[in-house]
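Number of protein chains: 2
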Amino acid sequence: MKPTSVVTVFLTHSGKVMLARRSAHVGTYKGAWAGVSGYIERLPLEQAIVEIREETGLSESDIELRGIGIPVVVEDTALNAKWMVHPFLFEVTDPARVQADWEAEEIRWVEPAELQSLPTVPGLDRALSSVWPPFGDSDFWTRLRAVATDTTNGATTLALTALNALIDFRHRCPSPEFERAIKALAACRPSMGVFPHLAARLLLGDTSAEALMLELKNAVSESARHAAEAIAGYHSILTISYSSAVKEALIMRAATEAPLSVIVAESRPGLEGFTLAKELAAAGINVTLITDAEIGLFVEDSDCILVGCDAVTEDDMIQNKAGTSLAALAAWSAGIACLAVTQTHKITPPGFPLAIEEQDPKAIGQVVGVKCRNLVFDRTPISDFDAVYTESGALDSDRLTAIRSLLGAAKLST
Amino acid sequence: MKPTSVVTVFLTHSGKVMLARRSAHVGTYKGAWAGVSGYIERLPLEQAIVEIREETGLSESDIELRGIGIPVVVEDTALNAKWMVHPFLFEVTDPARVQADWEAEEIRWVEPAELQSLPTVPGLDRALSSVWPPFGDSDFWTRLRAVATDTTNGATTLALTALNALIDFRHRCPSPEFERAIKALAACRPSMGVFPHLAARLLLGDTSAEALMLELKNAVSESARHAAEAIAGYHSILTISYSSAVKEALIMRAATEAPLSVIVAESRPGLEGFTLAKELAAAGINVTLITDAEIGLFVEDSDCILVGCDAVTEDDMIQNKAGTSLAALAAWSAGIACLAVTQTHKITPPGFPLAIEEQDPKAIGQVVGVKCRNLVFDRTPISDFDAVYTESGALDSDRLTAIRSLLGAAKLST
Numbered sequence: 000m001k002p003t004s005v006v007t008v009f010l011t012h013s014g015k016v017m018l019a020r021r022s023a024h025v026g027t028y029k030g031a032w033a034g035v036s037g038y039i040e041r042l043p044l045e046q047a048i049v050e051i052r053e054e055t056g057l058s059e060s061d062i063e064l065r066g067i068g069i070p071v072v073v074e075d076t077a078l079n080a081k082w083m084v085h086p087f088l089f090e091v092t093d094p095a096r097v098q099a100d101w102e103a104e105e106i107r108w109v110e111p112a113e114l115q116s117l118p119t120v121p122g123l124d125r126a127l128s129s130v131w132p133p134f135g136d137s138d139f140w141t142r143l144r145a146v147a148t149d150t151t152n153g154a155t156t157l158a159l160t161a162l163n164a165l166i167d168f169r170h171r172c173p174s175p176e177f178e179r180a181i182k183a184l185a186a187c188r189p190s191m192g193v194f195p196h197l198a199a200r201l202l203l204g205d206t207s208a209e210a211l212m213l214e215l216k217n218a219v220s221e222s223a224r225h226a227a228e229a230i231a232g233y234h235s236i237l238t239i240s241y242s243s244a245v246k247e248a249l250i251m252r253a254a255t256e257a258p259l260s261v262i263v264a265e266s267r268p269g270l271e272g273f274t275l276a277k278e279l280a281a282a283g284i285n286v287t288l289i290t291d292a293e294i295g296l297f298v299e300d301s302d303c304i305l306v307g308c309d310a311v312t313e314d315d316m317i318q319n320k321a322g323t324s325l326a327a328l329a330a331w332s333a334g335i336a337c338l339a340v341t342q343t344h345k346i347t348p349p350g351f352p353l354a355i356e357e358q359d360p361k362a363i364g365q366v367v368g369v370k371c372r373n374l375v376f377d378r379t380p381i382s383d384f385d386a387v388y389t390e391s392g393a394l395d396s397d398r399l400t401a402i403r404s405l406l407g408a409a410k411l412s413t
Numbered sequence: 000m001k002p003t004s005v006v007t008v009f010l011t012h013s014g015k016v017m018l019a020r021r022s023a024h025v026g027t028y029k030g031a032w033a034g035v036s037g038y039i040e041r042l043p044l045e046q047a048i049v050e051i052r053e054e055t056g057l058s059e060s061d062i063e064l065r066g067i068g069i070p071v072v073v074e075d076t077a078l079n080a081k082w083m084v085h086p087f088l089f090e091v092t093d094p095a096r097v098q099a100d101w102e103a104e105e106i107r108w109v110e111p112a113e114l115q116s117l118p119t120v121p122g123l124d125r126a127l128s129s130v131w132p133p134f135g136d137s138d139f140w141t142r143l144r145a146v147a148t149d150t151t152n153g154a155t156t157l158a159l160t161a162l163n164a165l166i167d168f169r170h171r172c173p174s175p176e177f178e179r180a181i182k183a184l185a186a187c188r189p190s191m192g193v194f195p196h197l198a199a200r201l202l203l204g205d206t207s208a209e210a211l212m213l214e215l216k217n218a219v220s221e222s223a224r225h226a227a228e229a230i231a232g233y234h235s236i237l238t239i240s241y242s243s244a245v246k247e248a249l250i251m252r253a254a255t256e257a258p259l260s261v262i263v264a265e266s267r268p269g270l271e272g273f274t275l276a277k278e279l280a281a282a283g284i285n286v287t288l289i290t291d292a293e294i295g296l297f298v299e300d301s302d303c304i305l306v307g308c309d310a311v312t313e314d315d316m317i318q319n320k321a322g323t324s325l326a327a328l329a330a331w332s333a334g335i336a337c338l339a340v341t342q343t344h345k346i347t348p349p350g351f352p353l354a355i356e357e358q359d360p361k362a363i364g365q366v367v368g369v370k371c372r373n374l375v376f377d378r379t380p381i382s383d384f385d386a387v388y389t390e391s392g393a394l395d396s397d398r399l400t401a402i403r404s405l406l407g408a409a410k411l412s413t
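In order, the protein sequences belong to chains A and B.
Using numbering that gives the first Met the number 0, you'd call the opening residue of the first sequence number 0 and step up by one each time.
Using numbering that gives the first Met the number 0, you'd call the opening residue of the second sequence number 0 and step up by one each time.
There's no promise every hint is true.
Same chains, same label: a pair holds when it works inside one copy or across any pair of copies.
Stated by the list, open to error - Restricting the straight-line Cα-Cα distance to at most 30 Å, the calculated cross-link-like pairs of lysine-lysine (BS3-like) are:
| no. | residue 1 | residue 2 |
| --- | --- | --- |
| 1 | LYS15 | LYS277 |
| 2 | LYS277 | LYS370 |
| 3 | LYS1 | LYS277 |
| 4 | LYS29 | LYS370 |
| 5 | LYS216 | LYS361 |
| 6 | LYS277 | LYS361 |
If you are wondering where the hints come from, they were derived from the structure by calculation, not from laboratory data.
Given the sequences, and given the hints that come with them, work out the whole structure.
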């Protein structure tokens, strides 16, 4: 059963945590104590803020982020339900401003330890423990918040930003808090394998955030070099969305004598493909821009597809921008090569709960009575690719196993 | 070899036709006499108007449409090229306003018969004969022009509009001109099989335009009824774009006791899926709207895909909104049923040159140095569908052969 993604937000003030008793009007867990919670229909942190506004009337100026927790998977056999709970902690400036809505019958500020003696929704204590106690450093959280809600930059850029925030934070905090900051970094973007990967590497203690930044930057160029060699004989290459490594590989390939045409699918709703098309054209490459729906038409004139990759999941899937799985199917159907380029840093540590992020559905549009869904990534089996290039060449199962085994030794969960 | 689509526009005044001698600066056929011409990057009639503006400086108020010709396929073995020429005829109000651009070395107004004695681009006489002599009735052409440039309505609605224009025209013109008007109707939308189909039926003389209008309207409802029966056992149905028959089928299906969820892919750039989603929601159906790229994600939660069909081509393809071929692949990959609904009126007469229309690339967007492509339809083999429902039930090869054989007796080409 696929878990349903929800956020659980704990509001805190003077060491106490706010709980709400669910009213008789809600769909599930009537009468149970819970945090502020809701189904995830956009990025988890954005959803948390939406729920706070709806359920307490607090605005963004009334709250400050103090914790992002590793997602907690909760099974409820009675309801035949499975939840992936994304926990957050916010400091409330003035608890008197809280105005509970119809979902809450009663609100109460409690000591964290009191949770044990209250009838709560399942897994509430585990969710709280992943964000409690609060860190108290607003600069780190402000920067991590920007990463957690960004909808324009790629995984590598965001990872570098987060590592920078972590480096500054380390200089000003005791070791146990730093370890929790690393775990928060692991959880801040549930679709992107690079975050838990980097966190695991840091927890293993054999490298520093500074070294990882350098390593990651080099890995993009090296993976692009391997991909560029692989596409040396191809003249018409189709891609989707925006990937730094794909862009570098195409520019390297274009620098050879052989002519090159690139077809870029725009990637609604963010239209990252427009940016890639523009940058490739500026580099002198012959570029055609198409809608995502036209991929089926244009693979027929292409030699291969080459896509990026945001995560190599534990179940051997390439997680990348939505539309990638269709492009891979189209490549298969047209009998052309299907290639991906990534870095080993996108390999997810075993056991870490990766998810497919949803961004704000309003980005697609609004129609009365219609629910819009904006799932940003999809999954394609690694075996559907002829090759997945990394900084050390084509990925093989031995290397994948070795890296997962290394990462598995890190204690990412709380 | 796939033919390259071009328009050839003949301008006429006082019984003469304007030809232009191609300059030394053009890519092909330097020094040869030609009509105003250009590659098709949008709907053929729109492209014709763009070329007139660029090559003669005439604006839309200086010209009046007087003919749409059946496309002429021209092979040029010397150039190793194959052209699909879409011919048009426009009356010019004031020939003195023509200002030839760099593409023409010289322009000349000639009697149509003179074409034979001039060194022209290949096939120019055939292109002219399909639109010569001009009809001279502006009301019919005004209405056909609206059909030829429409980017919002479906094939059935447009076909009914064109039949209405034809009915009014018939009352005021001699028989040979009416026959040519029917052929113009056949050619006005090169992607939509319904136009040559209806034209063929009219040329066969066993039915009237009035009877065809009624038949077509009934066929939509009947085909929807067959599709609704086929999806009786399905609870989550994915579709793309807008199809009247799909909409009717879903509403009929929703009227049963069993719950129904419909997932609609938006269909960039026209976003016809938004309209369908809105209308289904208004009919009380539980609707989810997704991007075209999310089809790969949502087939996994669906029981079947059900799509419309704009043409059943001579080579056994279902031509429908771009994205349909990817949806069919996704359905296959997820192991769910793949269904289409159409009317036998979309079956194309054998030998008629169908094309994939391109609409204005600006509808996708504009990026400096990047060519946008807006191909509106794609093709999926009939064999990739579990069933294609028509007004007389699931289409089988016997019925397909019988209809094609009937239509083949009509003399559609000039």
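Structure-based check of each hint:
Taking the shortest Cα distances, LYS15 and LYS277 never come within 30 Å of each other, neither inside one copy (51 Å) nor across copies (46 Å). When the C-alpha separation of LYS277 and LYS370 is checked against a cutoff of 30 Å, the pair qualifies only between copies, where the shortest distance is 10 Å, while the shortest distance within a copy is 33 Å. Taking the closest pair of Cα atoms, LYS1 and LYS277 come within 30 Å of each other only across two copies (29 Å); inside a single copy the shortest separation is 38 Å, beyond that limit. Proximity of LYS29 to LYS370 under the C-alpha cut-off of 30 Å is restricted to the intra-copy arrangement: shortest distance 25 Å within a copy versus 57 Å between copies.
For a Cα distance limit of 30 Å, the shortest separation of LYS216 from LYS361 qualifies neither inside one copy, at 33 Å, nor across copies, at 36 Å. Both within a single protomer and between protomers do LYS277 and LYS361 lie at most 30 Å apart by alpha-carbon distance, with minima of 26 Å and 15 Å respectively.
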